[in-house]
Amino acid sequence: MGVSDLTIAVPRGALFAGTLDRLERLGLDTAEVRANDRKLLFPRAGIVTMRPSDVPTYVEAGAADLGITGKDVLMEQSEREVYELLDLGYGECRMVLATVAGPDLASEALRRLGVMRVATKYPRIAANWLESTGRQAEIVEVKGSVELAPLTGLVEAIVDLTATGTTLRENGLVIREEIATSTARLIANPVAHKLKAAAIDGVLEVLRGG
Amino acid sequence: MIHPTPSGTRDVLPDEMRELRAITERLRSVFEAAGYGEVYTPALEYESELRPAGVSPAYRMFDAHGDVLVLRSDMTVPIARVAATRYGGVAPPLRFAYFAHAYRGVRAHRGQAREFLQAGIELIGSPAPEGTAEALAVLCGALDAVGLEGYRVGLGDAGLYPALLDGLGVPANVRGPLLHHLVMRDFVGVEREIARLGLDADAAALLLRVPQTRGGPEALEVAGEAVDGMRAVHALLAPAVAERVIFDLGLLRDLDYYTGAVFDVYDPALGVPIGGGGRYDDLLGRFGRPLPAVGFALNVERLHMALMGEERGAGQGEAGGAAAGEESGAGPWE
Numbered sequence: 124m125g126v127s128d129l130t131i132a133v134p135r136g137a138l139f140a141g142t143l144d145r146l147e148r149l150g151l152d153t154a155e156v157r158a159n160d161r162k163l164l165f166p167r168a169g170i171v172t173m174r175p176s177d178v179p180t181y182v183e184a185g186a187a188d189l190g191i192t193g194k195d196v197l198m199e200q201s202e203r204e205v206y207e208l209l210d211l212g213y214g215e216c217r218m219v220l221a222t223v224a225g226p227d228l229a230s231e232a233l234r235r236l237g238v239m240r241v242a243t244k245y246p247r248i249a250a251n252w253l254e255s256t257g258r259q260a261e262i263v264e265v266k267g268s269v270e271l272a273p274l275t276g277l278v279e280a281i282v283d284l285t286a287t288g289t290t291l292r293e294n295g296l297v298i299r300e301e302i303a304t305s306t307a308r309l310i311a312n313p314v315a316h317k318l319k320a321a322a323i324d325g326v327l328e329v330l331r332g333g
Numbered sequence: 002m003i004h005p006t007p008s009g010t011r012d013v014l015p016d017e018m019r020e021l022r023a024i025t026e027r028l029r030s031v032f033e034a035a036g037y038g039e040v041y042t043p044a045l046e047y048e049s050e051l052r053p054a055g056v057s058p059a060y061r062m063f064d065a066h067g068d069v070l071v072l073r074s075d076m077t078v079p080i081a082r083v084a085a086t087r088y089g090g091v092a093p094p095l096r097f098a099y100f101a102h103a104y105r106g107v108r109a110h111r112g113q114a115r116e117f118l119q120a121g122i123e124l125i126g127s128p129a130p131e132g133t134a135e136a137l138a139v140l141c142g143a144l145d146a147v148g149l150e151g152y153r154v155g156l157g158d159a160g161l162y163p164a165l166l167d168g169l170g171v172p173a174n175v176r177g178p179l180l181h182h183l184v185m186r187d188f189v190g191v192e193r194e195i196a197r198l199g200l201d202a203d204a205a206a207l208l209l210r211v212p213q214t215r216g217g218p219e220a221l222e223v224a225g226e227a228v229d230g231m232r233a234v235h236a237l238l239a240p241a242v243a244e245r246v247i248f249d250l251g252l253l254r255d256l257d258y259y260t261g262a263v264f265d266v267y268d269p270a271l272g273v274p275i276g277g278g279g280r281y282d283d284l285l286g287r288f289g290r291p292l293p294a295v296g297f298a299l300n301v302e303r304l305h306m307a308l309m310g311e312e313r314g315a316g317q318g319e320a321g322g323a324a325a326g327e328e329s330g331a332g333p334w335e
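Chains A and B, in that order, are what the protein sequence lines are.
For what it's worth, our numbering labels the leading residue of the first sequence as 124, then goes sequentially.
For what it's worth, our numbering labels the leading residue of the second sequence as 2, then goes sequentially.
No lab work stands behind these hints: they were computed from the structure.
Treat each hint with caution, since some may be false.
A few chain A residues facing chain B, derived, Cβ under 8 Å [what the hints assert, rightly or not]:
(1) K162
(2) G185
(3) A186
(4) V205
(5) Y206
(6) E207
(7) L208
(8) L209
(9) D210
(10) R258
(11) I262
(12) V263
(13) N312
(14) A320
Just so you know, these numbers come straight off a predicted model, no measurement behind them.
For every residue, glycine included, the Cβ atom is placed at its ideal position computed from N, Cα and C.
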């Protein structure tokens with residue numbers, strides 16, 4: 124049993140190209156995957172493509188044996204029963220708390236109103252961070268551009284992922300706190316980890332090699 | 002108009018019930034033939050009576066007298082109570098089987114079952130390795146009887162990792178984060194925490210390698226004397242049982258009453274374990290009758306899913322399930 128017996132969940136988006144580069148080292152032909160934006164299943168390479176936040180869902184259920192996704196996703200979905208096997212090192216970004224530049228409206232709200240409002244796509248990470256730092260917060264979950272929320276007065280702060288900080292800066296936001304750093308991780312289904320041990324260890328060995 | 006049942010619970014209708022019954026009847030015959038008498042215990046117990054077991058039930062309620070009642074989260078603890086109280090004067094070993102629903106907490110939208118049917122056995126008063134080998138033989142006999150073909154049994158030892166840490170002189174008060182990451186299956190975190198312990202390179206490599214080691218009997222060579230217990234069990238297994246076993250040095254349980262061998266049942270047709278078990282040599286003592294014990298529970302609904310998955314994958318190559326490659330022509334690739 125080798126890598127060709129595995130189904131691998133690959134995240135589209137920022138981690139896509141880096142992930143395919145790594146998978147090529149395993150001897151998988153990723154040309155078809157790179158050339159095709161809309162197709163989701165690539166049986167020849169044993170690859171399925173999806174949003175990064177869906178990767179743990181597919182891997183936990185065994186619909187994929189292995190998957191690659193960001194640590195940010197794994198932190199947000201910490202109850203998923205998957206093995207986190209390897210820090211792949213690429214796709215580095217930071218989970219930060221940011222507010223509008225200038226006077227810190229979030230601190231003022233906390234001091235005078237007893238609670239700060241925080242918009243995020245990562246409600247669990249945001250709630251844990253604020254709770255662990257002893258602050259009361261009202262978490263507002265949004266699906267789209269989080270930067271909009273403090274600019275319109277919906278909230279005083281956001282918790283979001285940033286790689287370069289450019290989007291935050293362009294929207295007049297400044298980073299106040301760094302919560303965690305995130306990189307791409309290799310995850311495995313617990314049953315596949317036992318029943319396809321040799322194939323998975325082979326993948327680990329190649330990817331660990333740099 | 003909709004009238005939902007609580008999430009994680011469901012109504013079972015005749016088609017499904019017929020198939021579930023067929024499975025449980027076959028399991029019951031195997032348990033019976035092996036000398037395991039079926040028992041039933043109340044779904045509700047006094048919280049105070051289960052507290053010695055250290056389990057945290059998901060559902061608590063008050064009765065009219067103000068007593069706190071809980072819904073059982075498994076059958077192992079109630080049967081330990083039965084063995085200690087109703088069989089106080091009976092010479093061991095005691096053999097019990099059960100078919101009963103257990104109750105656990107669930108998270109939203111995860112397809113988790115709040116109420117699920119367990120079928121299992123408890124063998125009380127038979128120490129390792131003989132008792133463990135008997136439980137594994139009954140387990141494999143039961144799975145063979147229902148017609149499950151591709152299953153494997155992962156066999157580990159709950160005491161292995163703590164023993165390794167003892168042997169390397171890692172103090173108990175610095176193990177917390179490391180053990181937490183192990184339970185969370187986060188080997189990146191495990192590696193980071195091992196580096197913090199400041200051990201020499203060989204010791205650090207061993208601590209990282211052992212929990213990721215699984216496979217045939219050769220897997221036991223990684224951990225030396227620490228796995229003598231697993232070797233002893235292996236030596237007692239009939240060939241048909243031994244070939245089903247995967248030695249898994251990383252297998253852990255989050256229930257605190259497991260003491261030695263632990264096992265999980267896997268099938269390639271299902272992404273989650275079908276059942277599991279292990280030794281709980283201290284649990285009976287907490288109810289006042291110290292006896293070594295071992296048991297397992299199969300999740301009947303998951304077993305049913307695996308059987309159906311195998312049926313669908315039949316004739317489509319050995320991998321089966323959604324994970325099969327294109328050669329097999331399995332569902333998602335068509």
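How the hints compare with the structure:
no. : hint : result
1   : K162 : violated (12 Å)
2   : G185 : holds (2 Å)
3   : A186 : holds (5 Å)
4   : V205 : holds (7 Å)
5   : Y206 : holds (5 Å)
6   : E207 : holds (4 Å)
7   : L208 : holds (5 Å)
8   : L209 : holds (7 Å)
9   : D210 : holds (5 Å)
10  : R258 : violated (24 Å)
11  : I262 : violated (16 Å)
12  : V263 : violated (19 Å)
13  : N312 : holds (5 Å)
14  : A320 : holds (5 Å)
The structure is inconsistent with the numbered hints 1, 10, 11, 12, although it conforms to all the rest.
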